[in-house]
Amino acid sequence: MAIIPKKHESPTQPADVRAHNFNEVALGYTPEIAVEEAKRCLNCKTRPCVEGCPVNVNIPEFIIQIKDGDFEGAYRTINATSSLPAVCGRVCPQETQCEARCTLAKKFEPVGIGRLERFAADWHNEHSTDSVLAPKSNGRRVAIVGSGPSGLTCAGDLARKGYQVTVYEALHTAGGVLVYGIPEFRLPKSIVEREVETLKELGVEIVLNVVIGKTLTIDELFAMGYEAVFIGSGAGLPNFMNIPGEAYKGVYSANEFLTRSNLMKAYLDHSTTPIMKGGKVAVVGGGNVAMDAARTALRLGAEKVYVVYRRSMDELPARAEEVEHAKEEGIDFRLLCNPVEILGYNNESDPRDPKNGFVTGVRCVKMELGEPDASGRRRPVPIPDSEFELDVDAVIIAIGTSPNPLIKATTEGLEVNRWGGIVVNEDGLTSRSNVYAGGDAVTGAATVISAMGAGKVAAQAIDKALSENK
Amino acid sequence: MYKIVSKKELNPTVVQMEIEAPLVAAKAKPGQFIILRVDADGERIPLTVAGVNPASGAVKIIFQVVGATTTLLSRKNAGEYLQDFVGPLGVPTHTSGIKKVCIVGGGVGCAIAMPVAEEFHRLGADVTSIIGFRSKDLLILEEEFRAASNRLVVMTDDGSYARHGNVTAPLKEILESGERFDMIVAIGPLVMMKYVVLTAKPFGVPVTVSMNPIMIDGTGMCGGCRVTLVRDGRRVTKFTCVDGPDFNGYEIDFDEALSRGRMYCDFERHARDEACNLLRNA
Chain E
13 MAIIPKKHES PTQPADVRAH NFNEVALGYT PEIAVEEAKR CLNCKTRPCV EGCPVNVNIP
73 EFIIQIKDGD FEGAYRTINA TSSLPAVCGR VCPQETQCEA RCTLAKKFEP VGIGRLERFA
133 ADWHNEHSTD SVLAPKSNGR RVAIVGSGPS GLTCAGDLAR KGYQVTVYEA LHTAGGVLVY
193 GIPEFRLPKS IVEREVETLK ELGVEIVLNV VIGKTLTIDE LFAMGYEAVF IGSGAGLPNF
253 MNIPGEAYKG VYSANEFLTR SNLMKAYLDH STTPIMKGGK VAVVGGGNVA MDAARTALRL
313 GAEKVYVVYR RSMDELPARA EEVEHAKEEG IDFRLLCNPV EILGYNNESD PRDPKNGFVT
373 GVRCVKMELG EPDASGRRRP VPIPDSEFEL DVDAVIIAIG TSPNPLIKAT TEGLEVNRWG
433 GIVVNEDGLT SRSNVYAGGD AVTGAATVIS AMGAGKVAAQ AIDKALSENK
Chain C
11 MYKIVSKKEL NPTVVQMEIE APLVAAKAKP GQFIILRVDA DGERIPLTVA GVNPASGAVK
71 IIFQVVGATT TLLSRKNAGE YLQDFVGPLG VPTHTSGIKK VCIVGGGVGC AIAMPVAEEF
131 HRLGADVTSI IGFRSKDLLI LEEEFRAASN RLVVMTDDGS YARHGNVTAP LKEILESGER
191 FDMIVAIGPL VMMKYVVLTA KPFGVPVTVS MNPIMIDGTG MCGGCRVTLV RDGRRVTKFT
251 CVDGPDFNGY EIDFDEALSR GRMYCDFERH ARDEACNLLR NA
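In order, the protein sequence lines correspond to chains E and C.
Numbered per this note's numbering, the first sequence spans residues 13 to 482.
Numbered per this note's numbering, the second sequence spans residues 11 to 292.
Bear in mind the hints are in silico, worked out from the structure with no lab data behind them.
This structure is a prediction, so every number in the text was calculated from the model and none was measured.
Backbone N, C-alpha and C fix where the C-beta goes; we use that ideal spot for every residue, glycine too.
Warning: the hint list may mix true and false statements.
[Unchecked claim] Calculated cross-link-like contacts (lysine-lysine; reagent style DSS-like; alpha-carbon spacing at most 30 Å):
hint	chain 1	residue 1	chain 2	residue 2
1	E	277	C	13
2	E	277	C	204
3	E	420	C	37
4	C	204	E	367
[As the list claims (entries may be wrong)] In silico negatives: residues of chain C with every beta carbon more than 10 Å from chain E:
hint	residue
5	18
6	211
7	270
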């Protein structure tokens, strides 16, 4: 049988419709499409896709199950190694992980592994009535700091082994970046809630409104009887560019803009959360967070949204599908451009003018790519005398974050690197015994799946360490 | 959910509540703040801790009814519950080594200044308190300040009670008389704090100010609460929720903070009116 060279497309909302709503963009495979896509898998012996997955999902196995119509079985296969299948199927950068390694990809498009994973997870969520059985407790307690992807993964893996796990969350909702950062149109919050509920059924206790490092310290957690602690506190303070004008009203960090919209629900019509809507918006940066901010601004009613990125499309780090979707929706990519100043309104003759201090534009310089830098990417260099201005009403800065200082400040002996990231060994163990860490708190801003991988590694190490020390 | 243990109206627009939150009560120090949400889907608002009772697990908050959320909060009664209550956040007020201090409080800022005055008093420092209000109706905590201070000066802007004028007048007189403080702690409206700094500057007395910017998560994640310090001629961005709320008054760019504080004025006015209408119709 001849191989179909391209992945089956996932049905999506039309671009002109979805640009004005917060419903999910990709609608997911139907069972018929899923089976057809599963048939594209060569079921090769080398299974390179599994190596490409940070949590080593048994990909060929679940694809065979989909091909055979055993959708619930496919879900169980994925769930055996991944605590958050419905999340990963939506937000993983498959093109640089499992799908990049797919044997089929040598000649054709790879198997749509991410879309199949999402299909299996959605099928389970829609059809399964089985409740999860909490395993028999081994009576040993582990505390997890933060309920984002690394914390939830670590919690799930330990709970399945019988540990009594408590997850401490600083905010009023569990999920971390999955609820405050990633927007509804890319990851519906009902899916995150469902994954959190599944963990609770496994016996995981989730305690909201506790800031570890403030409300309780790591040392107090041990005094309370926890035998190990995993720190998955996530990325911290947003970085700014340190250019003039960043204090003008209308300059947001992407974290603030997305938190207002997602966690604080400014995207809902009846919301009482203030956010700037409409007008023209420039988003600075080229990662997934920049794409999320740009597309959120568009959906909140912006008439024009620019993405200003200092390198070219080849270096742009966002997930390929999000960039495609953003382009289709009309986001204007200004590549090889870098802001040098944010411009604001100042009526010198009337200090009480209500428009004073609001953003009016951003001045940028054009860039060209020079020699490769330490990251291996070609270093962007400003082109002399190439400055120009974009008229905008808001600027959203999405250029990364620096680790949160709260835990470091109150945990004696916890080693951090010069960027403030927690130092860990290959097992996720920190400089403090029985204290593990993973995710953005260690690496700085990275992906959901790499954080999940770190949570998984730490769970294994915690289990091993505690088993040896009975 | 967090139980409201007690509620008391200190004046027509300022309400004091005690909230059952044992973990916060066990840790909170003067100068730190909490974030609360009144109900599900509510706004997160920061309020500085006005006192704690570690034995009973209660945290005292004092707030002025200014916007939609504080209006809703003021309608809750003892025995009812708040959705969320998290803290203590921020860095406690620096007290060590300070033997003689002047506390300057303005309006509802006095609610935050009061536990700071009490802490200095408890530590044996010589405490001068200058507290100011728009008028007699808005006066709060006079007796508490008197108990915690070696000297208390009360001011009203309209002269309806005690001495007529604003807080900088007696501060200037005291400094001009040659008296010195190890530290002046100013807590109140931005404009008041700005002028306390300007008043103290010629005398070279250090001033600590307590910033109260727009804030969302309060845990060092969103960056909305950023303030600019001018340090050795360089502009430095700091985050009130993790670096503050106390800052060196001489370094703060007050004009920028004043401007940023007005970002959502229109939105807030509208939201408050809506909240009032909802309550009126209810």
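Subject >> Violating hint indices (sorted, rising) >> reply: The structure breaks hints 2, 7; every other hint is satisfied.
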